[in-house]
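For chain A, the structure is supplied; the task is to place chain C on it using the hints.
Residue numbers (this note's numbering), protein chains in the order written: chain A, 3 to 573; chain C, 7 to 355.
Pulled a few chain C residues facing chain A out of the computed Cβ check, cut under 7 Å:
1. T128
2. Q130
3. P165
4. R259
5. L260
6. S261
7. V284
8. F285
9. T286
10. P289
11. P291
12. R307
13. G308
14. R309
15. Y310
Pairs of lysine-lysine, BS3-like flavour, derived with a Cα cap of 25 Å:
16. K138(C) x K416(A)
17. K158(C) x K419(A)
18. K560(A) x K419(A)
19. K296(A) x K138(C)
20. K473(A) x K365(A)
21. K138(C) x K287(A)
22. K416(A) x K158(C)
Partial pick of chain C residues on the chain A-facing surface, computed with a CB cut under 8 Å:
23. P106
24. W131
25. Q132
26. L134
27. N191
28. N258
29. Y262
30. R263
31. E287
32. R288
The hints are simulated quantities; they were obtained by calculation from the structure and are not laboratory data.
The beta-carbon is built from N, C-alpha and C at its ideal position, and this holds for glycine as well.
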Amino acid sequence: MDKDNQCYTVITFAPVQGFIEKSRKLRDLYGSSFLLSYLACAICHAAKKHDCRVVSPALINVTQGTPNQIIIAGNFPENIAEAAFNQAWQTVVETCQKYIEQALNTFTYTWQREWNAWSNHAWEFFWTQSTDAELSQAKATDITPEDVTLMTHARRKLNQLKTQRNWIAINWQGESSTLSGTGAIAYPRMTDKTHPLNSSMAEQTQDINQFYHQLSQHLGESILDPSERLSIPELIKRLITLDAIANQFISEKDLPSIEIPQSFVDLNRFDNKLWAGYFQGDGDKIGDYLRHLKEKGADEADSLHTFSQAMMEWGRNLKYYLPPTQAERVKRRNLDADGRIIYAGGDDFLGVLYRIPEPNQPKLTAQDCLNWFYQFPQIWQQHKHKITVSVGLVWAAPSVPQRDVLQHCREAEKSAKNKGRDRLAIRILFNSGNYLEWVCPWWCLQQFLESYQDREGDTLAALQEKPKGNKTTPNWTHFYNDVTTLESRHAFQEQTQIALGLFELYFTPENRQCLETHLWDTSDADHQQKTGILGNQPHVQEKQNIKALNNWVINLAKVGFHLSSSVTENA
Amino acid sequence: MFSHLIIIQPLGFLYGSAGPFLSPDNLVGRSGNSFPPSAATVSGLYAAKYSQPGINKRGETTQQLNLPDLTLAGPFWAYTKDTQNFYVPTPFNYLAEMNPPQDEEKIRQGKIIEKLTWNSETQQWQPLKPGKFDTETWLPINQWEKAETVSKAPWQYLPHLHPRLETEQRRVDASSEQGSLFLENSIQMHPDTCLVYLTNTPIDDGWYRFGGEGHLVEVQCQPITNETLLGRLNQPVGNNFALITPAVWGSNRLSYRFPTIRQEQDWITAPEWENAQVFTERPRPFRYRLGGTGDTKRLARGRYAVPPGTVYVLEKGIPKPWFDWDKCWFPDEGYSYKRWGCGLALPLS
Numbered sequence: 003m004d005k006d007n008q009c010y011t012v013i014t015f016a017p018v019q020g021f022i023e024k025s026r027k028l029r030d031l032y033g034s035s036f037l038l039s040y041l042a043c044a045i046c047h048a049a050k051k052h053d054c055r056v057v058s059p060a061l062i063n064v065t066q067g068t069p070n071q072i073i074i075a076g077n078f079p080e081n082i083a084e085a086a087f088n089q090a091w092q093t094v095v096e097t098c099q100k101y102i103e104q105a106l107n108t109f110t111y112t113w114q115r116e117w118n119a120w121s122n123h124a125w126e127f128f129w130t131q132s133t134d135a136e137l138s139q140a141k142a143t144d145i146t147p148e149d150v151t152l153m154t155h156a157r158r159k160l161n162q163l164k165t166q167r168n169w170i171a172i173n174w175q176g177e178s179s180t181l182s183g184t185g186a187i188a189y190p191r192m193t194d195k196t197h198p199l200n201s202s203m204a205e206q207t208q209d210i211n212q213f214y215h216q217l218s219q220h221l222g223e224s225i226l227d228p229s230e231r232l233s234i235p236e237l238i239k240r241l242i243t244l245d246a247i248a249n250q251f252i253s254e255k256d257l258p259s260i261e262i263p264q265s266f267v268d269l270n271r272f273d274n275k276l277w278a279g280y281f282q283g284d285g286d287k288i289g290d291y292l293r294h295l296k297e298k299g300a301d302e303a304d305s306l307h308t309f310s311q312a313m314m315e316w317g318r319n320l321k322y323y324l325p326p327t328q329a330e331r332v333k334r335r336n337l338d339a340d341g342r343i344i345y346a347g348g349d350d351f352l353g354v355l356y357r358i359p360e361p362n363q364p365k366l367t368a369q370d371c372l373n374w375f376y377q378f379p380q381i382w383q384q385h386k387h388k389i390t391v392s393v394g395l396v397w398a399a400p401s402v403p404q405r406d407v408l409q410h411c412r413e414a415e416k417s418a419k420n421k422g423r424d425r426l427a428i429r430i431l432f433n434s435g436n437y438l439e440w441v442c443p444w445w446c447l448q449q450f451l452e453s454y455q456d457r458e459g460d461t462l463a464a465l466q467e468k469p470k471g472n473k474t475t476p477n478w479t480h481f482y483n484d485v486t487t488l489e490s491r492h493a494f495q496e497q498t499q500i501a502l503g504l505f506e507l508y509f510t511p512e513n514r515q516c517l518e519t520h521l522w523d524t525s526d527a528d529h530q531q532k533t534g535i536l537g538n539q540p541h542v543q544e545k546q547n548i549k550a551l552n553n554w555v556i557n558l559a560k561v562g563f564h565l566s567s568s569v570t571e572n573a
Numbered sequence: 007m008f009s010h011l012i013i014i015q016p017l018g019f020l021y022g023s024a025g026p027f028l029s030p031d032n033l034v035g036r037s038g039n040s041f042p043p044s045a046a047t048v049s050g051l052y053a054a055k056y057s058q059p060g061i062n063k064r065g066e067t068t069q070q071l072n073l074p075d076l077t078l079a080g081p082f083w084a085y086t087k088d089t090q091n092f093y094v095p096t097p098f099n100y101l102a103e104m105n106p107p108q109d110e111e112k113i114r115q116g117k118i119i120e121k122l123t124w125n126s127e128t129q130q131w132q133p134l135k136p137g138k139f140d141t142e143t144w145l146p147i148n149q150w151e152k153a154e155t156v157s158k159a160p161w162q163y164l165p166h167l168h169p170r171l172e173t174e175q176r177r178v179d180a181s182s183e184q185g186s187l188f189l190e191n192s193i194q195m196h197p198d199t200c201l202v203y204l205t206n207t208p209i210d211d212g213w214y215r216f217g218g219e220g221h222l223v224e225v226q227c228q229p230i231t232n233e234t235l236l237g238r239l240n241q242p243v244g245n246n247f248a249l250i251t252p253a254v255w256g257s258n259r260l261s262y263r264f265p266t267i268r269q270e271q272d273w274i275t276a277p278e279w280e281n282a283q284v285f286t287e288r289p290r291p292f293r294y295r296l297g298g299t300g301d302t303k304r305l306a307r308g309r310y311a312v313p314p315g316t317v318y319v320l321e322k323g324i325p326k327p328w329f330d331w332d333k334c335w336f337p338d339e340g341y342s343y344k345r346w347g348c349g350l351a352l353p354l355s
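Chain A with its partners taken away, still in its complex shape (with noise of 0.2 Å):
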């Protein structure tokens, strides 16, 4: 390209988190995240057919991930990209009303309008361009600093274009949808003209049992249960996962391929009193690190298209490095992975560890997604990138609903991001709603959750050579205790001696060493930079600082004990 006519097209479309946050099951999820890519997907298509390069994302045929931003070198025009949007999201739109009509054809439909509304204004789409006349232009009004790029100027004017915002929502009558509380129920007369005060309330509730209750016995009830009522747009993430429909747009050249869903087996966690561990994390300091190979003189699309690239293998690998190891699952024949990965495309992912109950299987256990976690910054290092990942892991109780799990692990993830990143967060989610949460760094977690030695003098790794009668892992109840009852007694005030005491008590006098040394971010010897325990910095008050450390050392206990006690698994 004639590099002083240089143009950029950046483009992006929403919902995404809201889309995919409206979830109830795990295929909800799984059918969202493929949406989201195959969307993109067809943008990114449709640029290549115009000859344009399309810089990030980097890889186009994977179905797990969202990038939420598509830069294209070069013009491409509006018009086209919104037409390839729209075609493709139009023709999944039409598909899954089809699939409907077809599979249930005693009903009279006359919906058609409503699942025109979708198809017309379910998505704000965002498209923009720079070209380097325009870059020069602004910098030489002052507008934009000299330093920048014009890839990054391309994507700045994204930025100021969705403060705009472009939706157009759908307004809806009756009862909402029981999944997420908005949008009208999709049912075959859904649109017939109703008044509140001459229609019958009865009967359309009666319209929507039926319709509900022949669906679920079309569809399964893993797939839809007969007692939920969705919105259209719920419905298509839900048929999107169906082999009959995924086929469509498998079969259909260049498009992603989605995974199977007869091997989708569900998870049903309410029912088989099954916790799960759910994990959402993404790269730190992605900008920074970009900034940063610039700087060093590379070109910025082609670091970008590269670093997009091994992001987005990574993410397509990931679900390989699923707990138990490929050895261990070959050793033992027909093992399935432990989980899922929801979404894995750019520098973030979404998964869920699970294991679905067989009479010869046990249960999965803290303790296994810990192990897994444990081996976490080598499975992520493998994309070969100097960043670190911060990750929020939930172990989540069998009754929270799904909605709120997530929410919880988006938490979580913020909260591993704002203690200082390169970090994991663990929350433990009851049923009740109430949770627990520790956060810890990488290097140590391991180290420090495995030395652990109860008042007996029992460690993991001694119980696990030579078990005691049943005993198999330390007992931390003996940590527990000392620190609710030292806590009811207001122990932890205005000290850290009592906390760091405990510490050493339970951890080794070294751990005990390493944590006073490493509380905030350090150069060791080797001007090795190691990630401080508590954060980046001191907090500017001293009271601040004690109060992190012990509060620390206290979710320590009490997460740890959730961890490693049988308690959570049987409850």
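The following block gives chain C in isolation, referenced to the frame of chain A:
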């Protein structure tokens, strides 16, 4: 014109559920919760006090609320000691940063570090300030002209397990397949704070049921004595203003970001609002129950609101204060949405 403040202090917990303030289906869960309750919820207080038995069009006896001019606006909140200086949502073009956490007991404070203004030549909000800022902050109304500090909301969610009662009897429903307990997220307000709404019709002080499940609140009605506030509410909004309440606009079928009016078969943007610039966020559901003869009130159409904090920059400007805005901009469904204070806007300097 707004003349009074309705001060609501919870006696215990309040509930914040998804969608409508209280719906049996959505009493659980933290996601999509809507707290504080909308102005429409507050009008329920009036129903308790002012409704009289009457007869509707179909000849059925009903409780009728005969307050045609009632106008409410909110939600806002305030420190109980300083209710006249209540907090409103911070305009989205003000970039705020929270202070580091201090005492856990205190409501978190922050400061405004930048105010973006719209540059019509470059079609940009300026200055360009990359970075992440704190959202969902509140601004004291006395600082509207000169905004410096902001505050986080003074409430938190308290999850707890709640027994599921049988519909007809006051005992725990043990037969149900779904279990006899459900998770509920109640709201605990900071004890020094209260909810505040604006009204043009005073209501008697007292204890009222509010927010379902027999939860009580103490309601006080105070005349607005804050002269600058009164002045500001009376000031024409001009061409640069921000919403302090949700705004519901559009036809019966679709909600929009701008007021729309009917032109033959189509709905078009109201002329004053054409080519307007807006700084806004995702839409928020807006719905209420009111009217009808049964115990369960009739459910209004589900609509979407432009969130409070939204900033508009108009080409021409509106030479009227909100109270005198054209009624045809507001959807009408039994009541005009102006009754719920939708889109209450204050001019920005």
